[in-house]
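K.L.:
Following the hints, put chain E in place on chain Y, whose structure we already have.
Protein sequence lines correspond, in order, to chains Y and E. Numbering (the working numbering) for the first sequence: 1 to 117. Numbering (the working numbering) for the second sequence: 1 to 111.
It is worth saying that the hints were derived from the structure and are not from the lab. Just to be clear, a hint being listed does not mean it is correct.
Stated by the list, open to error - Within a straight-line C-alpha distance of at most 27 Å, the following computed DSS-like cross-link-like pairs (lysine-lysine) qualify: (1) K11/Y to K45/E; (2) K78/Y to K79/E; (3) K98/E to K78/Y.
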Amino acid sequence: DARVTQTPRHKVTEMGQEVTMRCQPILGHNTVFWYRQTMMQGLELLAYFRNRAPLDDSGMPKDRFSAEMPDATLATLKIQPSEPRDSAVYFCASGPPGDPANTGELFFGEGSRLTVL
Amino acid sequence: RKEVEQDPGPFNVPEGATVAFNCTYSNSASQSFFWYRQDCRKEPKLLMSVYSSGNEDGRFTAQLNRASQYISLLIRDSKLSDSATYLCVVERSYNTDKLIFGTGTRLQVFP
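The shape of chain Y in the complex, shown without the other chains (with noise of 0.2 Å):
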């Protein structure tokens, strides 16, 4: 069954401390999107890319957050330095070739629970 991998599953760390969340995307898949998740704002977007390239990271606070794809099987979401409204559930998603706006198909991780003291 091809899914969506993420890690860590939960992380615990102290304010000021970098944090690095990876993805690996379904095989196949040439979208990526990173959401993340608090009972407050639910899941908002934070980047996405199209065949590695990043088309879009607006929903990023750039000061301190950074997102990459350094090959087509790796993403990768930095908070450098963290604090503590970071704190919330960072979901990557993949989509397959083609439209993911037409088929709203978005394959998500299990998501990282990230915790900043």
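P.N.:
Same frame as chain Y, now just chain E:
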């Protein structure tokens, strides 16, 4: 105003009941609409697309009202397994790939 708004609920309904959720969106240029389902502490999964003419998938019916900018999800004959959070999803604007999620409506079906 949020781009996508939903009543958070919870909607508590007995098994067998019919329940409906609405969702409003702010961008009239949006063309694509979907419902996702998210179980507690799990990832969201696509439930169904919402077509202009409305569409049905078993006990689930989705409808779109462009004039009023809202979409709806109707669940008939509710099952205990329908208990979840239902997320309304809208493409931010035409041909952008950006899928914007509502905060979700929680449904709890009781015996």
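K.L.:
Each hint needs a verdict: does it hold in this structure or not?
P.N.:
The hints, checked one at a time:
Distance check on the hinted pair: K11/Y and K45/E sit about 23 Å apart at the alpha-carbon level, within 27 Å; holds. For the hint pairing K78/Y with K79/E, the CA-to-CA distance comes to about 41 Å; that exceeds 27 Å, so the pair is violated. Under the criterion of a C-alpha separation no larger than 27 Å, the hint pairing K98/E with K78/Y is consistent with the structure, at around 21 Å.
Violated hints amount to a single one, hint 2; each of the other numbered hints is respected by the structure.
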